[in-house]
Amino acid sequence: MKKESSTNSENDKILQNYCNAHKILSKISGRWKVSILFALNKDKLTYSDFKTVLPTSITDRVLAKQLKELVEANLIENDKDKTKSDYFLTQNGRKVLNLLEYINEQNFD
Numbered sequence: 001m002k003k004e005s006s007t008n009s010e011n012d013k014i015l016q017n018y019c020n021a022h023k024i025l026s027k028i029s030g031r032w033k034v035s036i037l038f039a040l041n042k043d044k045l046t047y048s049d050f051k052t053v054l055p056t057s058i059t060d061r062v063l064a065k066q067l068k069e070l071v072e073a074n075l076i077e078n079d080k081d082k083t084k085s086d087y088f089l090t091q092n093g094r095k096v097l098n099l100l101e102y103i104n105e106q107n108f109d
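full-length UniProt numbering applies: residue 1 is where the sequence shown begins, and numbers increase by one.
Don't take each hint at face value.
Said to hold, decoys possible - Listed next, the in silico BS3-like pairs over lysine-lysine satisfying Cα-Cα at most 27 Å (straight line):
id	residue 1	residue 2
1	K51	K68
2	K82	K68
3	K82	K42
4	K51	K27
5	K95	K42
6	K42	K27
7	K65	K42
8	K51	K80
9	K23	K68
FYI, nobody ran anything at the bench for these hints, they're computed from the structure.
Since the model is a prediction, treat every value here as computed from it, not as a measurement.
With the hints as constraints, model all of the structure from the sequences given.
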């Protein structure tokens with residue numbers, strides 16, 4: 001985690017205020033966040049569903065952290081009840097996923 005008073009942190013704040021693309025990219029940066037968004041494309045998923053659709057190399061700690069950060073970024077929501085917790089895309093998450101799908105279809109060879 002960066003110190004809030006560091007030069008890098010200050011530069012990041014300036015870039016986020018200057019450029020919306022930077023703001024969006026900073027919210028989806030992380031090894032598994034894009035994969036999580038793609039996994040939620042079709043339907044709601046529970047935490048255990050992610051463990052089956054994502055590669056087995058993702059740890060519980062990392063998955064929980066990435067899900068929490070995506071919730072905080074308002075890209076996904078967590079609908080909790082007494083027996084389970086469903087994750088699904090928000091309207092902002094759907095917009096970002098549409099952009100990611102477009103990028104995914106491009107061929108930059």
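Evaluation of the provided hints:
Distance hint between K51 and K68 is fulfilled; the C-alpha atoms sit about 15 Å from each other, no more than 27 Å. Of the supplied pair hints, the one linking K82 and K68 holds, its CA atoms being roughly 19 Å apart against a limit of 27 Å. Under the criterion of a C-alpha separation no larger than 27 Å, the hint pairing K82 with K42 is consistent with the structure, at around 24 Å. Distance restraint check for K51 and K27: the Cα-Cα separation of roughly 22 Å lies within the 27 Å cut-off, and the hinted pair is therefore satisfied.
At most 27 Å may separate the alpha-carbon atoms for a hinted pair to count; K95 and K42 meet this at roughly 14 Å. The suggested pairing of K42 with K27 holds, with an alpha-carbon distance near 21 Å, which does not exceed 27 Å. For the hint linking K65 to K42, the alpha-carbon distance of about 22 Å falls within 27 Å, and the restraint holds. For the suggested pair K51 and K80, the alpha carbons sit about 18 Å apart, so the restraint of at most 27 Å is met.
A C-alpha spacing of about 17 Å is found between K23 and K68, which places the hinted pair at or below 27 Å, so the restraint holds.
Hint violations for this structure: none, all hints satisfied.
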